[in-house]
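The primary structure of each chain is shown beneath.
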Amino acid sequence: MFIGKIVGSLVSTQKVDAMKGQKILVIEPFRLTEERTGLKTTGRTLVAVDTVGAGENEYVLVVQGSSARGTPETKTLPVDATIIGIVDSIVVGKQKVNF
Amino acid sequence: MFIGKIVGSLVSTQKVDAMKGQKILVIEPFRLTEERTGLKTTGRTLVAVDTVGAGENEYVLVVQGSSARGTPETKTLPVDATIIGIVDSIVVGKQKVNF
Amino acid sequence: MFIGKIVGSLVSTQKVDAMKGQKILVIEPFRLTEERTGLKTTGRTLVAVDTVGAGENEYVLVVQGSSARGTPETKTLPVDATIIGIVDSIVVGKQKVNF
Amino acid sequence: MFIGKIVGSLVSTQKVDAMKGQKILVIEPFRLTEERTGLKTTGRTLVAVDTVGAGENEYVLVVQGSSARGTPETKTLPVDATIIGIVDSIVVGKQKVNF
Amino acid sequence: MFIGKIVGSLVSTQKVDAMKGQKILVIEPFRLTEERTGLKTTGRTLVAVDTVGAGENEYVLVVQGSSARGTPETKTLPVDATIIGIVDSIVVGKQKVNF
Numbered sequence: 027m028f029i030g031k032i033v034g035s036l037v038s039t040q041k042v043d044a045m046k047g048q049k050i051l052v053i054e055p056f057r058l059t060e061e062r063t064g065l066k067t068t069g070r071t072l073v074a075v076d077t078v079g080a081g082e083n084e085y086v087l088v089v090q091g092s093s094a095r096g097t098p099e100t101k102t103l104p105v106d107a108t109i110i111g112i113v114d115s116i117v118v119g120k121q122k123v124n125f
Numbered sequence: 027m028f029i030g031k032i033v034g035s036l037v038s039t040q041k042v043d044a045m046k047g048q049k050i051l052v053i054e055p056f057r058l059t060e061e062r063t064g065l066k067t068t069g070r071t072l073v074a075v076d077t078v079g080a081g082e083n084e085y086v087l088v089v090q091g092s093s094a095r096g097t098p099e100t101k102t103l104p105v106d107a108t109i110i111g112i113v114d115s116i117v118v119g120k121q122k123v124n125f
Numbered sequence: 027m028f029i030g031k032i033v034g035s036l037v038s039t040q041k042v043d044a045m046k047g048q049k050i051l052v053i054e055p056f057r058l059t060e061e062r063t064g065l066k067t068t069g070r071t072l073v074a075v076d077t078v079g080a081g082e083n084e085y086v087l088v089v090q091g092s093s094a095r096g097t098p099e100t101k102t103l104p105v106d107a108t109i110i111g112i113v114d115s116i117v118v119g120k121q122k123v124n125f
Numbered sequence: 027m028f029i030g031k032i033v034g035s036l037v038s039t040q041k042v043d044a045m046k047g048q049k050i051l052v053i054e055p056f057r058l059t060e061e062r063t064g065l066k067t068t069g070r071t072l073v074a075v076d077t078v079g080a081g082e083n084e085y086v087l088v089v090q091g092s093s094a095r096g097t098p099e100t101k102t103l104p105v106d107a108t109i110i111g112i113v114d115s116i117v118v119g120k121q122k123v124n125f
Numbered sequence: 027m028f029i030g031k032i033v034g035s036l037v038s039t040q041k042v043d044a045m046k047g048q049k050i051l052v053i054e055p056f057r058l059t060e061e062r063t064g065l066k067t068t069g070r071t072l073v074a075v076d077t078v079g080a081g082e083n084e085y086v087l088v089v090q091g092s093s094a095r096g097t098p099e100t101k102t103l104p105v106d107a108t109i110i111g112i113v114d115s116i117v118v119g120k121q122k123v124n125f
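Protein chains in written order, with this note's numbering: chain A, 27 to 125; chain B, 27 to 125; chain C, 27 to 125; chain D, 27 to 125; chain E, 27 to 125.
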């Protein structure tokens, strides 16, 4: 899994039937800074579906690959990335990471 | 999933039987610019099949891996990338991304 | 899938039984040039099995992941990359790409 | 699989039900130094679940993809990375690697 | 698949039961040089299990992903990379690659 930030959403009218009604979110994967005291973007852009009601600017936990279909909400969807949690905090060496 | 632009198509006469009649498209994955106000190419080139009738120069949503076989049209194909939607718009911070 | 060039072959005497008799090819993934008028190597090297009778210096279509087992010839092989077609031509903006 | 170092942990209150009670760890993949006498971080950040009771600052063996669900503890979880062992030592050319 | 060199081995006492007794090897993926006359390391480090009795400093063929479970020896293991052959030679343009 990776830590991502929801930076936006994507509208697609013409899409496969299974995806109708799905909220499609634009995610940037983040990583720890070199000092491991904060998070920084990787600059990449991915698209994921949401199962936990996450919103823009929230940091989330994203699962990829076949396990993206491993939730009740996504098991029949043609998706390879699913948000499975909202990140409350990250702790490194007993210190909370800033984000 | 990722956001890609259809930049061309690929002709293959000699191919596995299951792929006969499939439209095979050449895709460049795109990502948000650093300001998140536009899209730019990643410079990579991938090949995908289409399930939604997308055409050259359109921005599309592409699923990879085993989920590329997760649509009625692709479930028996040996494919690892499938176009599952045409991107109408991307919204970041209530602003439409330019593309 | 990706576009690759067959640059060589690999000989392995000591290998898993399922791979006996398989032609094992060395592939370089290629991508479009920035002008999208030609192809250039990515510099990476992958190994794939062949299902279509492709030969050295040919450009081929390669599928990866679990779908590499999605052809009649490869369904019982422990492979993660399979050649599923020979590339005749690539067309970008009605122009044939040079390769 | 890859060698990773556990650098922290992640708290997520709002998450898919299957993940309740799971210890979610933040991992940095490491690689051998050029001399192959030590380990150095790749700078990337991944998130994994644990099956072996590993703790912060330990070096661990991490499996990715569908095999991350290949342990008794993870077989029903929507995860794509699982810690399957604690690394005691790495030996290159009869010398122990420093870490 | 990719061509890798076995550079070492990894000892893990505390690991998932299924991995007990498995030989765990440290691999560096290699690629062709630009002239395609030799091999050079990619600098990356991966970990794989062995099914063919390969030893340190040998060049091997490694399969990744779900197909890493596609051999009799690995079908119940939580692994994502398996050595499926020892590389005897690589031929590019009728010339043997040096390694």
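Just so you know, these hints were derived from the structure itself, not from any lab. Be aware that a few hints might be false.
[To be verified] Derived coverage of chain B by chain A (criterion: at least 3 residues anywhere in the stretch with Cβ under 8 Å from a Cβ of chain A; other residues may be distant):
| id | segment |
| --- | --- |
| 1 | 34–42 |
| 2 | 69–76 |
| 3 | 102–112 |
| 4 | 116–122 |
Quick caveat: nothing in here was measured; it's all calculated off a predicted structure. Don't be surprised by glycine CBs; every beta carbon is placed ideally from N, CA and C.
Name the hints, by number, that the structure is in violation of. 1 and 2
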